[in-house]
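There are 2 protein chains.
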Amino acid sequence: MRYSKLLGRSLRDIPKEAEAPSHRLLLKAGYIDQLMAGSWTLLPLGWRVVSKINQIIREEMDKTGAQEMLMPLMHPKEIWNKTGRWDDPRVKEIMYQFKDQRGKEFGLSFTHEEVVMDLLGKHIHSYKDLPVKVYHFSTKFRNEPRPRGGLLRAREFLMKDLYSAHVSKEDMYKYYWEVKDSYLTAFSRMGLAAKVVEAAGGVFTENCTHEFQVLTSGGEDSIFYCPSCDFAQNKEIFEGKEGQKCPKCKKGIIKISNAIEVGNIFPLGKKYAKAMGVTFTDSDGSQKYPWFASYGIGPTRVLATVVEVHHDKKGIIWPKELTPFDVHLVSLEGGQEAAEALYEAMERAGLEVLFDDRDESAGVKLSDSDLIGIPVRVLVSRKSLGAGGVEVSRRVDGTSEVVSAEHLADKIKEFYES
Amino acid sequence: MRYSKLLGRSLRDIPKEAEAPSHRLLLKAGYIDQLMAGSWTLLPLGWRVVSKINQIIREEMDKTGAQEMLMPLMHPKEIWNKTGRWDDPRVKEIMYQFKDQRGKEFGLSFTHEEVVMDLLGKHIHSYKDLPVKVYHFSTKFRNEPRPRGGLLRAREFLMKDLYSAHVSKEDMYKYYWEVKDSYLTAFSRMGLAAKVVEAAGGVFTENCTHEFQVLTSGGEDSIFYCPSCDFAQNKEIFEGKEGQKCPKCKKGIIKISNAIEVGNIFPLGKKYAKAMGVTFTDSDGSQKYPWFASYGIGPTRVLATVVEVHHDKKGIIWPKELTPFDVHLVSLEGGQEAAEALYEAMERAGLEVLFDDRDESAGVKLSDSDLIGIPVRVLVSRKSLGAGGVEVSRRVDGTSEVVSAEHLADKIKEFYES
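Protein sequences, first through last, are from chains A and B. With my numbering applied, the first sequence covers 40 to 457. With my numbering applied, the second sequence covers 40 to 457.
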């Protein structure tokens, strides 16, 4: 991709309210564009990163045996009435609910328990049909009173939501913990050390649920955790205070931290199946309610969280698996012709290249490259060619070396494989 | 994928109103599930086919230099007011428009011209920034008074929409015709012989536009065309009748046919840029309005159209590039153990296998396999093993042969590459 042709190049001026680092950097570097409060376009750079986030999640979900599908975003009131959630004041506050021209009432989805349970009612009959594990990536809507932080708290955002149904509580929890591990693997591949935190279930369930929280000063959640064991609870359920002894290991001293919630898992139990009258015939011939659970990750919030964690004063520093391009190729004076040839050669070698072919100063091009944050930068200039090749530098630590053109593609592939 | 674990297996009974072949077959074979009138879940089988449709479109769009991104689905009234479309009665009839709890007005998108033009206003300054070619895949909403035919006319559906902006009318039309060819290539890869038909622009433009129509008896559009040349117009603009001489080549006799619209392209001109005050500085320093065009394909409607065209009495017959799986592996009596081994071997060889491992009769399993429509079926039974291997048959013509297990994967790959 030629940078001169990219929609969404770096901006000089961005609004002052962009205070969160992810908001400021994603906006300034041309990853996102605001349509209105809480509503963002993912520009080509932003979409490329989100596609990689989605693909990592997809791979980890598929490993658990889950099946991808796609459910509608607009839901009829009737289906949410069955579980009593349509009129729940906590739902009313955040769900966009409206009537069409003929008076029929709809809600814009922020979750899909009712739709999945409706599907199960039609497609599940016997214990042999269970477990079911299905997920989709789709747009979610949530009428946040105060959207903030760019993608961190938006009114329209992407969500991967997984739903599972089981013959027994035991089988449900077995898969629940498997998904927990699968989430941790996915977050780790994205460069996020997520902490599993106990939490209340809100409008979903009265059971204890789990959030995946990334500790960072920019987070708006507060969590209490023990540095000596895996104890962690969010502030809504923790009954204690910072500095006390850990109630679990009795050794560590409880700390408090800001954090961003990037995922959550809910062991919902039989509540939804009972409310919607969904049963299966068990092996002994009896009718039973399936055990149900749901699991969410917000890829657009993950995008912002990764930037909150991986940046410096100059800009973003992408983890290898999420970078929008493998290489940021920058041509400076005297290097344009060689850069053109390298651009083609690297693309032929299967590398994804962002080629800054603009007629701009070295200062502008290098600071844009730091801002955009691709892990590997290749600089081609009269000077580098004089030294025998191109200057390859790593965004993460700024180290650089001169590499000959013929070894360039292999060198870069080696970096990504290491 | 084991068929016994798939969400969305074949149904015995489907509603009588499912008259269109695509509606009936996609429902019966477990590709789709209805949430409410005009609203469908793509079950795992359906999602797999739509993913392939999307990937073909993506590849053909990328070849034209277009960039993928993702725009919001909920639009503020203000942006549609700028072009006067919010209050256009033709828009009011089909767009879901509503107020949130605080009285702010929104519309659910059925197209994105206003949002793209808003983006261009922020990101395009000079003639050097043009052309811009951007697209996304997203959910669209359209309050159809009478949804029908399953995915053929739905209220919520998928759309790939592409938008381009140019320095001149000439450059716009150059790309417009390039996209036309790109669409024909994409449809051809999907097994659709689409006809390019002149049409009026509706709520989009007063210019002449083009639709991509697939001639089939199940279509609800009517088009007039000449069998001797490329003349084709839809019924809204054709001023003549069936049987007359072709107004273009003066040789052929005009025919009329039912057809399904699977795509459309609109040369919008400067109307949107003028309405929204978007300009660029041309090479001579003057301020000009960019020339704008938009281009749509509906992947979910394509899914249904392919079934309308490619089916027989027994079920669907997928074109090779769209099949949800490469192989439908069916085990019959005495073949279960060998089938298990083949399932693993074929997946290791990189084939996508749907394995009917159920304990059902040969009759049920074979008719389900015909219904689902995967191009290659591999039957493993005591009989086939006795004859030296497995029975490989082609869905399209029913021809079959016995193939030894060791040559099976190569044989199937050969079929897909031929």
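Any given hint might turn out to be false.
The list treats identical chains as interchangeable, and a pair is accepted whether it falls inside one copy or across any two copies.
Said to hold, decoys possible - Distance condition first, Cα-Cα at most 20 Å in a straight line; then the derived EDC-like pairs of lysine to aspartate or glutamate:
| # | residue 1 | residue 2 |
| --- | --- | --- |
| 1 | K179 | E144 |
| 2 | K91 | E360 |
| 3 | K219 | D139 |
| 4 | K116 | D139 |
| 5 | K131 | E144 |
| 6 | K179 | E275 |
| 7 | K274 | E372 |
| 8 | K91 | D101 |
| 9 | K55 | D127 |
| 10 | K219 | E58 |
| 11 | K179 | D127 |
| 12 | K167 | E379 |
| 13 | K179 | E372 |
| 14 | K91 | E107 |
Note that these hints are calculated values from the structure, not bench results.
Hint check results:
no.	hint	in the structure
1	K179 to E144	both (18 Å within a copy, 18 Å between copies)
2	K91 to E360	within (7 Å within a copy, 24 Å between copies)
3	K219 to D139	neither (40 Å within a copy, 35 Å between copies)
4	K116 to D139	both (12 Å within a copy, 16 Å between copies)
5	K131 to E144	both (13 Å within a copy, 17 Å between copies)
6	K179 to E275	neither (24 Å within a copy, 38 Å between copies)
7	K274 to E372	neither (56 Å within a copy, 59 Å between copies)
8	K91 to D101	both (15 Å within a copy, 17 Å between copies)
9	K55 to D127	neither (37 Å within a copy, 37 Å between copies)
10	K219 to E58	neither (32 Å within a copy, 44 Å between copies)
11	K179 to D127	within (19 Å within a copy, 28 Å between copies)
12	K167 to E379	between (59 Å within a copy, 18 Å between copies)
13	K179 to E372	neither (47 Å within a copy, 47 Å between copies)
14	K91 to E107	both (16 Å within a copy, 13 Å between copies)
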